Amino acid sequence: MSYTIRQMAALLDLGYQGDGSRLLTKVAGWNAADDTSLIFVHGAESRVFHAEGQRAACVIAPKMLASVAANMIFSEQPRLDFARAASYLNPWPKSRGTRHATAEIAPGAEIDEGVELGPFVVVETGARIGQGSILHAGVVIGGACCIGKECILFPGVVLYPGAQLGDRVVLHAGVVVGSDGFGYASDGKKQWKFPQVGSVIIDDDVEIGANSTIDRGSLGTTRIGTGSKIDNLVQIAHNVEIGEHVVIASQTGISGSTIIEDYAVIGGQVGFGDHARVQSGAVIGSKAGILPGKIVRGGEVYWGVPVRPLREYKRLNALFGRLPEMKAEIDLLKKEVAELKGSPGRK
15 MSYTIRQMAA LLDLGYQGDG SRLLTKVAGW NAADDTSLIF VHGAESRVFH AEGQRAACVI
75 APKMLASVAA NMIFSEQPRL DFARAASYLN PWPKSRGTRH ATAEIAPGAE IDEGVELGPF
135 VVVETGARIG QGSILHAGVV IGGACCIGKE CILFPGVVLY PGAQLGDRVV LHAGVVVGSD
195 GFGYASDGKK QWKFPQVGSV IIDDDVEIGA NSTIDRGSLG TTRIGTGSKI DNLVQIAHNV
255 EIGEHVVIAS QTGISGSTII EDYAVIGGQV GFGDHARVQS GAVIGSKAGI LPGKIVRGGE
315 VYWGVPVRPL REYKRLNALF GRLPEMKAEI DLLKKEVAEL KGSPGRK
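Per the working numbering, the very first residue in the sequence shown carries number 15; after that it's consecutive.
Hints in this document: simulated from the structure, not taken from any laboratory.
Take every hint as true, because none was put in to throw you off.
Derived SDA-like pairs: lysine to any residue, alpha-carbon spacing no greater than 25 Å straight-line:
| # | residue 1 | residue 2 |
| --- | --- | --- |
| 1 | Lys-301 | Arg-311 |
| 2 | Lys-301 | His-289 |
| 3 | Lys-163 | His-186 |
| 4 | Lys-40 | Met-15 |
| 5 | Lys-328 | Gln-265 |
| 6 | Lys-328 | Gly-303 |
| 7 | Lys-108 | Asp-218 |
| 8 | Lys-341 | Leu-330 |
| 9 | Lys-243 | Ala-151 |
| 10 | Lys-243 | Phe-168 |
| 11 | Lys-301 | Ala-224 |
| 12 | Lys-243 | Ala-263 |
| 13 | Lys-108 | Asp-219 |
| 14 | Lys-243 | Lys-308 |
| 15 | Lys-207 | Gly-287 |
| 16 | Lys-163 | Val-184 |
| 17 | Lys-308 | Arg-322 |
| 18 | Lys-243 | Tyr-174 |
| 19 | Lys-108 | Gln-145 |
| 20 | Lys-77 | Gly-29 |
| 21 | Lys-163 | Thr-116 |
| 22 | Lys-163 | Asp-181 |
| 23 | Lys-243 | Thr-227 |
| 24 | Lys-301 | Thr-227 |
| 25 | Lys-301 | Asp-245 |
| 26 | Lys-308 | Tyr-198 |
| 27 | Lys-243 | Glu-221 |
| 28 | Lys-108 | Asp-245 |
| 29 | Lys-204 | Leu-233 |
| 30 | Lys-308 | Gln-283 |
| 31 | Lys-301 | Leu-337 |
| 32 | Lys-163 | Asn-104 |
| 33 | Lys-341 | Ala-352 |
| 34 | Lys-301 | Gln-283 |
| 35 | Lys-243 | Ile-215 |
| 36 | Lys-77 | Thr-50 |
| 37 | Lys-308 | Tyr-277 |
| 38 | Lys-243 | Pro-306 |
| 39 | Lys-77 | Thr-18 |
| 40 | Lys-77 | His-56 |
Note that the structure is predicted; figures quoted are calculated from it, not measured.
Please construct the entire structure, taking both the sequences and the accompanying hints into account.
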């Protein structure tokens, strides 16, 4: 897609300066920018912008830099508005409505107009696929699954029977939705599989990264709320409830029946025990550990194992760094006390 600077500024509802007729065809980083590229600057980058920024067709930047460049779209949140601009210049592909000869569609499957099916796609009985969706090579859609409009399923995605996707859901390569949760009951000799017969629902505008897995509920529902974004290699167990617009980074593992409320941010390699709850707006740093049943209060930043507020974690971490010195001091004090106890004047 291409837009003039004037058109892009109007789409973003932002002011601009310079040649409004200049054409923008792509977004780019500073080093790769050319005369049709849109770039952005913020923070420390503004100090060196004058020397670097002129290769691009246009820059999204704060108005304080207006004197630096001829073509500029003014923004007080350049990174955010750059991302918004990218959604216009580099949108998700639209379905071509084609169906590869090797795609296998079972009798009773319902496929709406304009759905694109790639090589070796399998759609089982009772599945429904909404208008404009794209299923790339090797996607498998189990029986009675429901896929909304304009979804994109990249190669190798698997939906187990009964999984439900809303509209505009994006599942990257290798995502598995609706596999059995990890639940067993032991009689002391054998592990008996606890029923995994629930459902999984993924709401509108969710994006899930490559090779992530979302288990179905055991007896209830696993749910991912509208607009949430999940990175690669994330494991979401049975009966987990994730709210709206939650962000979860790579290699995080979420145990069963955990609840993560709206607008929470979860860093990479975070581990959740079962039945934990993260309240709305909480931010959990990378490699944190949340114990089973733990409630993480909203509106604050957390870190560490077990997880604790960042201010407390930083204080304890500073003390931990002094442990060798503190041990030496304690050893010295113990030696002095022993000497005092053994002195001739002691009764």
